[in-house]
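**Student:** Here's the letter readout for the chains.
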Amino acid sequence: MNRRSRLAVIVPALALVISLALTGCGKLDARPGTGSIGSTGFVGTQGASSPTTTAPADDSAAIDGIAQDLDSAGAANTEAGSNSAAGDQAGAAGDEP
Amino acid sequence: MFRFITVAAAAGALTLGSLVCAAPALASVPSDGTPPTAHSSLSAIQQAGAAATAKRISSLTTGIGKVNATTTLSAADKSTVLGTLNADLSGMQTLQSKIAADTSATTAWTDYRSIFTDYRVYAVGLHQSYIAAAADGLTDTAIPKLQSAAAKISALFAADPSKATPDLQAKLADMQAKTADAVTKTSGLAASALAVTPSAYNANHAVLSDDRAAVRAALADSKAAAQDGQAIVAALK
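In order, the protein sequence lines correspond to chains A and L.
Residue numbering for the first sequence follows this note's numbering, beginning at 12 and increasing consecutively.
Residue numbering for the second sequence follows this note's numbering, beginning at 77 and increasing consecutively.
Calculated from the structure, these hints are not laboratory results.
Note that the structure is predicted; figures quoted are calculated from it, not measured.
Keep in mind that a hint or two might mislead.
[What the hints assert, rightly or not] Calculated lysine to aspartate or glutamate pairs in the EDC-like style (CA-CA distance at most 16 Å, straight line):
id	chain 1	residue 1	chain 2	residue 2
1	L	K228	A	D70
2	L	K228	A	D82
3	L	K174	L	D194
4	L	K299	L	D250
Extracted from the complex, chain L is given alone in its bound form (with noise of 0.2 Å):
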């Protein structure tokens, strides 16, 4: 049930360039074996239950550290996520031991069940942890430097009327406007990726698409704005 106050899962698992590193891991699933059904042998289950339980242990302990260390997330996200990941962590754990102790091939299943359709680790929790890491990323510092950078340029060339050529005049409203763009397009991404639940997660496995595609479109226009930017500086030199 703590899966619900917690907003997503274990985000963690990652936090920035960290969770970079954690994505490979996530990715490589094999070893959880064959996949266990409702018809399978409590030993199966409990060995299946083992090893999906430790992965994610380990994915979210990895991911807990990562984001206390990074200093991408907001204070605001990084305590969400961290709650989520602690609550995650908690729960796996919970759940490895219950599943160990099971009697019976039914209530393994059931446990075995809970691993994934109530905490969705790596679906949502770091899937989310990722999405907010870079949008803060975005909001918090690449945009605030671009913005920044466009103020300074602009100055440059109302001083000295010289320099604004209509090359560099066209590249500096293409720098502004990419930027305005990532800021609509960040606009409370973080949060929205956040908000997502496992539960929401089950009810549409797309629940994190927009997302998704937001933080890559406002990346792709910040790349695009700094690289205005640069040709200006280079220009100006």
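For reference, chain A alone in the conformation it holds in the complex (with noise of 0.2 Å):
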């Protein structure tokens, strides 16, 4: 095979990987982004914004928010067990007829 034929192959051959990975293997227009050159979405997912797939990052952030809410509370109950002592403690003094 000579160079002139050589690039008859080639040319169209790259031509048709670029079209691919532009286009979503494959998917011309079918859902563009999803592609594996460019894209924000997992690669080969129809369903990229499904909840299956960003669960992981939400449930992090959910946690975390629940894992605030409940050092709150502990650090409110620690106080407001320090008063119920201190409270037992001022009933117990026994300093008055």
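Please assemble the complex out of the two chains, which come individually in their own frames, going by the hints.
**Tutor:** Below is the structure:
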């Protein structure tokens, strides 16, 4: 195969590869943005925006929020416990007839 | 008389965490020395009166400062407590001067007795302030945070049922039940405690017992609910 013959094969092949990459693995215009180049979604997933695939990040934020609430509750419980104990001591002081 | 106007007495002496620090001093009453009697000499009664009023003035002054600095008491309860504390402080200062100037043992004895029966700085004032501070801390902060956490956990389980294992569901249910119990037990608790007066205590020395028991039970519920929540979070991570 001479140089001209090789080019005749390589050029169309390159064009096909680029086309596939930019349009999403062969799905021309099927779902722009879900291809493997420049995509912000998950590669190879038709339902890139489904809860199943985004859950990990969402769960992490939710769990952090829960933990913060519980930390606040714990601090308030500790302070309430201190006050309750102090009240017991005051009431038991017994210095008043 | 202003005694009756003020809800409780020296409540203040403390407040929050502060209350805690003041408590030990309250318990160490021996500095009052041997209690005088109606038959004691004028000087003996004056000496005991000076010690008793000085001790209370110190506790009240410390308590007022702590109440002013606390964020646990609600604004309304803080106002009530400060009103009581300042009135008690003024009363103690007045009695301190009066007892020192008394010229008869009979009058001094009456004034000395007034330190206790008309004010009840420790048995009522401080005690009710601690209870109110604890109750407000649970009502205004701990319980709302527990309710918020439970709601978020429920939403998480609803979004992904696979996370809602039987064990975690049971913990969430217990968390919600304990929180609900705490809500019930703290309902009106601070107001109830702050409504107790020295005269009520004179008639019934156990007048604060129910409120005291309620705040302890509510605190136990709140702690248990928080533990449930922590266990759930640990399992989800």
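**Student:** If a hint holds in the structure, say so; if it does not, say that too.
**Tutor:** Hint by hint, here is what the structure shows:
At most 16 Å may separate the alpha-carbon atoms for a hinted pair to count; K228(L) and D70(A) meet this at roughly 10 Å. Taking the CA atoms of K228(L) and D82(A), the gap is near 14 Å; set against the 16 Å cutoff, the hint holds. Taken as a hint, the K174(L) and D194(L) pair is honoured in the structure, with Cα atoms around 15 Å apart against an allowance of 16 Å. For the given pair, K299(L) sits about 12 Å from D250(L) by alpha-carbon distance, which is consistent with the 16 Å threshold.
In the structure shown, no violation is registered for any of the earlier numbered hints.
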